[in-house]
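*Asks:* As you go down the protein sequences, you meet chains D and H in turn. Position one of the first sequence corresponds to residue 1 (full-length UniProt numbering), numbered consecutively onward. Position one of the second sequence corresponds to residue 1 (full-length UniProt numbering), numbered consecutively onward.
FYI, nobody ran anything at the bench for these hints, they're computed from the structure. Take the hints with a grain of salt, since some may be wrong.
Pairs involving identical chains hold if they fit within one copy or between any two copies, as the list cannot separate such chains.
Here are the simulated EDC-like cross-link-like pairs (lysine to aspartate or glutamate), alpha carbons at most 16 Å apart as the crow flies [stated by the list, open to error]:
1) LYS34 to GLU63
2) LYS6 to GLU160
3) LYS117 to GLU177
4) LYS117 to ASP142
5) LYS83 to ASP30
6) LYS10 to ASP147
7) LYS34 to ASP157
8) LYS155 to GLU11
9) LYS10 to ASP94
10) LYS114 to GLU75
11) LYS25 to GLU109
12) LYS164 to GLU35
13) LYS182 to ASP30
14) LYS155 to GLU109
15) LYS83 to ASP157
16) LYS164 to GLU75
17) LYS27 to GLU75
18) LYS117 to ASP157
19) LYS25 to GLU204
20) LYS25 to GLU35
Owing to the predicted nature of the structure, the values given are computational and were not obtained by experimental measurement.
Protein chains: 2
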Amino acid sequence: MSALPKVLSKEELPLTEAKWITLKKIKWSDPEGKERIWESAERTTRGPSGIDAVAVFAILRSETDAFPVSTVIIEQYRPPIDKFVVELPAGLIDKGETAEQAAIRELEEETGYKAQKVLQSSPVLVADPGMTNANMKLVTVDVPFPDELGIFDQKLDAGEFITKRVVEISKLTQVFEEYERKGYVVDAKLSHFASGYEMALRAEQ
Amino acid sequence: MSALPKVLSKEELPLTEAKWITLKKIKWSDPEGKERIWESAERTTRGPSGIDAVAVFAILRSETDAFPVSTVIIEQYRPPIDKFVVELPAGLIDKGETAEQAAIRELEEETGYKAQKVLQSSPVLVADPGMTNANMKLVTVDVPFPDELGIFDQKLDAGEFITKRVVEISKLTQVFEEYERKGYVVDAKLSHFASGYEMALRAEQ
């Protein structure tokens, strides 16, 4: 049975009750040596890797060019936004995992695809550095197919509701316009990726 | 006189003392109708526009091709990260402003460049939807020059320490590698833009 997820209520969350995130007051010294205060939201879950999360850009490709080079994106209801959000497969890094291991694990759990190789692992990137210390890595992986695109089952935990979708990389911008028309929101990082892709194509023409 | 900015101390910030951000406990109903809890960090500054912030991608171009098509990025010490961060010009939307007006204002304040036209304004995008309701728009603007690139003074507030830098759009990835070597961190959205640009160039070859 499936219902539309929705926010039922929203209230202040005292620090003492919060499990996943917290607020920090940072005293810092500015370039003129003046003492100032900054407020920051932080995840409580960061492990010894020093990195909160990974996002995965999977390159799905056919060795016989049986389908256009594609990637896989996910749709997921996000309570802070109270809407369905379109994102790259992503997740928090577990204790004892590297960012690249987390990327391969999350990709398989959320989409069923097994990466054959890590093509590129970005440096640590910051999501919204005026407001939070949250950071992440973008890991690009190779998912080759001998011929046609394979379809595999996701390995979701109970309580995870994630829809995967394979999209041609060159059509991301177009696909996002469709999502926006039906009231979905696109993650800023993924949208910026598509904007960069689009701008390069226009520059080359 | 200029010193290296740095974090002096960091402590828990009770909700009652926080001015700029707060924590929320969201009760929501999942797709199976089950009641669940999610924790979210939120800015307290969101105005009637419903959008927290804008980032500006300025296209700096010469009508005589006197310089390669470029954009302007900023370097800024960010206390939550305790490092210098490389970002697009950006800022919060003031009350009574549209996102596009905020983009033009922030671009001029942070870089001195006056946009002549808004080329594109993205839908509302979400920065880190698993952790926060923070949202933003990416506004692309045209900054044409009759011939050579002009250089103008920033209009920073007291206490704002921002360095601007003009970069060829096709060299963003390369420039980011230099920044990383000297210990700077790149904003995830800007880095994803450059990754998308790079991937399109490789796909076209």
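*Asks:* Are the hints correct? Go through all of them and say.
*Replies:* Hint check:
1. LYS34 to GLU63: neither (59 Å within a copy, 44 Å between copies)
2. LYS6 to GLU160: within (15 Å within a copy, 40 Å between copies)
3. LYS117 to GLU177: Classified as neither; 31 Å inside a copy, 22 Å across copies.
4. LYS117 to ASP142: Within. Shortest intra-copy distance 5 Å satisfies the 16 Å Cα cut-off; inter-copy 40 Å does not.
5. LYS83 to ASP30: For LYS83 and ASP30, only the inter-copy Cα distance (12 Å) is at most 16 Å; the intra-copy one is 39 Å.
6. LYS10 to ASP147: For LYS10 and ASP147, the Cα distance exceeds 16 Å both inside one copy (49 Å) and across copies (54 Å).
7. LYS34 to ASP157: Close across copies (15 Å), not inside one copy (49 Å); limit 16 Å.
8. LYS155 to GLU11: Neither. Shortest intra-copy (33 Å) and inter-copy (39 Å) distances fail the 16 Å Cα cut-off.
9. LYS10 to ASP94: neither (28 Å within a copy, 25 Å between copies)
10. LYS114 to GLU75: Intra 19 Å, inter 38 Å, cutoff 16 Å: neither.
11. LYS25 to GLU109: neither (36 Å within a copy, 27 Å between copies)
12. LYS164 to GLU35: neither (48 Å within a copy, 24 Å between copies)
13. LYS182 to ASP30: neither (45 Å within a copy, 20 Å between copies)
14. LYS155 to GLU109: within (4 Å within a copy, 49 Å between copies)
15. LYS83 to ASP157: neither (21 Å within a copy, 36 Å between copies)
16. LYS164 to GLU75: Only inside one copy: LYS164 and GLU75 sit 6 Å apart there, 36 Å across copies, limit 16 Å.
17. LYS27 to GLU75: neither (39 Å within a copy, 20 Å between copies)
18. LYS117 to ASP157: neither (25 Å within a copy, 48 Å between copies)
19. LYS25 to GLU204: Classified as neither: same-chain Cα gap 47 Å, cross-chain 48 Å, threshold 16 Å.
20. LYS25 to GLU35: within (13 Å within a copy, 32 Å between copies)
Violated hints, in rising order: 1, 3, 6, 8, 9, 10, 11, 12, 13, 15, 17, 18, 19; the structure is consistent with all others.
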